[in-house]
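Using the hints, position chains B and C against chain A.
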Amino acid sequence: MSSEALFALFFNLGFPLLLLLGTYAIGTAIERKHFRDLLQREAKVRQFPLLTFQSLPANWQANSAAMVTGSVVISIDYFKRFVATLRSIFGGRIKTYEPLLDRARREAVLRMTEEALQMGFDAVINVRVETSRLASARRDGKGTAGVEMLAFGTGIKLLRPESS
Amino acid sequence: MSVGKYSIILTNTETVPGRTIVEFYGLATGNTVRAKHIGRDIMAGLKNLVGGELTGYSELLQDSRREATERMVEQAKSMGANAVVNMRFATSSVAQGAAELFAYGTAVRVE
Amino acid sequence: MEFQPRAPREGINVSHEHPLKEASILIVGLTMVIGIAAVVLVFFVDLVVTVIPAEAEARALSSWIPDNLDLLSGEKQERVEQLVDRLASHWPECPYTFRVGVFGADQPNALALPGGLILVTTKLLEDVESENELALVLGHEIGHYRDRDHIKIFGRSFALSLLLAVTLGRSSQGLELGTQVTGLAVNSFSREQESKADQVGLALVQAEYGHVADSWKFFERMAAEENDLTRLTTYLSTHPASGDRSQRIRQIAEENGWPLEGPITPWQSSEE
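Residue numbers (our numbering), protein chains in the order written: chain A, 1 to 164; chain B, 1 to 111; chain C, 1 to 272.
Looking at chain A on its own, in the form it has when it is part of the complex (with noise of 0.2 angstroms):
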């Protein structure tokens, strides 16, 4: 009776603590190595000129032009999403979120960078940056398999490359 009185006590409170923090740290660990990662990257394309221009900058000269694409599913981890459910039981912002996003939208961007610079192009005009998100396969529609982020735009190669 005391054993499975204790068992059911593990089961019901450490059992889904364990979880929690364990999550967390894994989830966490992730999250920095991720964020260390986008830092490196930015800074060694950080001379590509990307543009929500629709069309080119007046002294520029284009001779070539094609979509370049880059998109990123990302999730986090169940920790992060339980204190977004209790925080959405209170309102107001949803702090654990915001990395997510900031991550997805961060690699989305390089992606299609680098694959404008793999292509050979000079510059990306009208970039555009999408958000979607990925339904779960569960059917009580539960649980974010993770989110979409998807950036697009038009890359170009230059006649006379205004910079280096």
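No lab work stands behind these hints, which were simulated from the structure alone. Just to be clear, a hint being listed does not mean it is correct.
[Stated by the list, open to error] List of simulated lysine to any residue pairs, SDA-like, C-alpha gap at most 25 angstroms:
1. B/Lys5 with B/Gly26
2. A/Lys95 with C/Gly11
3. B/Lys5 with A/Lys95
4. A/Lys157 with B/Ile42
5. B/Lys5 with A/Leu159
6. A/Lys44 with C/Arg6
7. A/Lys95 with C/Pro8
8. A/Lys33 with C/Lys196
9. C/Lys123 with C/Gly11
10. C/Lys196 with C/Gln268
11. A/Lys157 with B/Glu70
12. A/Lys33 with A/Leu21
13. A/Lys157 with B/Arg109
Only chains B and C this time, still in chain A's reference frame:
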């Protein structure tokens, strides 16, 4: 004449930088509906606990978007176009666990 | 137009509050909000529920039996019912017509349900060594009816599950947490009620037999089976730990001058 991954020029601007549009033919569209398969779903479910990139889903969506774009390109070519301008993407979930990817733009002829 | 690559300052789009800190604030806040709401709700439910007259409840639910419950009938059930009637006869203004239901279970237990239906488990009927022991268990349940505890608990659990559904309905994890919190609130109240029911039960035993000898023995044996680990979890359990309980029962008897010695009526002999 083609640049990039597709056989015709695609841009999301209203013009093709460095070229002039001489004719335009109308809307070219391409779409595809894809579902995740169970194996990917289980892996993604595990990954969902600790967070991070769901590589399987990333690749699936990239493939699907390419397929939608290729269909749009085929439509444009069938109209005699050599470029699609002002192209847009749209994603929506039509059913639980499935995603519709839609690509569209204006088919044009450039010189 | 000249392109001058510059990097924005890092970390503008994310909040810098530590997630663990946010989690603790949210959990503590939620616990307090639900805890206070639960206490207020329990207070009002108790108030409202006791406004329903016992006579009306007894009449309306005089033949109510919960669904999905297999009740055993037979000689044992009749004997328990007779014992309940004898005990209840010492409560002159009793509005209930008690019915007894026996059902199979591995744990010795007894429950008071609305409308005067007392449920006992087969294990309880096997475990009691004398009629006096069983009489105290049944008297205790009759004590719950005196204080209307049975209907209060029904009202409370209904009101609290409503509260949880309204506040936490969107989050299954939150709902789990909330159930733990309100469970504590309800249980800490019901320990008080259990002690009061013990007092009423003992008075009925005294009135029936003229002494209270051995009636606490059942609880004493239960206490011997429980080990020290159980004491840690006592706070989380509905019933008071049986050890303290048998002591307290003897204390009540001494305070009222009820004899602790007397002839014991056998219970199990009829089969052996």
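- Task: Mind checking the alpha carbons of B/Lys5 and A/Lys95 for me, to see if they're no more than 25 angstroms apart?
- Result: Status violated; Cα separation ~39 angstroms.
- Item | Pairwise hint evaluation, C/Gly11 against A/Lys95, where the allowed Cα distance is 25 angstroms at most | 13 angstroms, holds
- Query: Going straight from one Cα to the other, do A/Lys157 and B/Ile42 come out at no more than 25 angstroms?
  - Reply: With a Cα-Cα distance of about 43 angstroms, the restraint between A/Lys157 and B/Ile42 is violated, given a limit of 25 angstroms.
- Please work out if A/Lys157 and B/Glu70 have their alpha carbons no farther apart than 25 angstroms. 23 angstroms, holds
- Item | Distance restraint between A/Lys33 and A/Leu21, which requires alpha-carbon spacing of 25 angstroms or less | Judged against 25 angstroms, a Cα distance of about 18 angstroms means the pair holds.
- Task: Mind checking the alpha carbons of C/Lys196 and C/Gln268 for me, to see if they're no more than 25 angstroms apart?
- Result: 28 angstroms, violated
- Query: Holds or violated: are the alpha carbons of B/Lys5 and B/Gly26 at most 25 angstroms from each other?
  - Reply: 22 angstroms, holds
- Message: Between the alpha carbons of A/Lys33 and C/Lys196, is the straight-line distance 25 angstroms or under?
- Response: Distance of about 61 angstroms is beyond 25 angstroms: violated.
- Task: For the pair supplied as a hint, A/Lys44 and C/Arg6, confirm whether the alpha-carbon distance does not exceed 25 angstroms.
- Result: 12 angstroms, holds
- Query: Holds or violated: are the alpha carbons of A/Lys157 and B/Arg109 at most 25 angstroms from each other?
  - Reply: 20 angstroms, holds
- Item | Proposed proximity, C/Gly11 with C/Lys123 (alpha carbon, max 25 angstroms) | Distance ~64 angstroms between C/Lys123 and C/Gly11 Cα, so the pair is violated.
- Item | 25 angstroms Cα cutoff - pair B/Lys5, A/Leu159 | 21 angstroms, holds
The structure shown violates the earlier hints numbered 3, 4, 8, 9 and 10.
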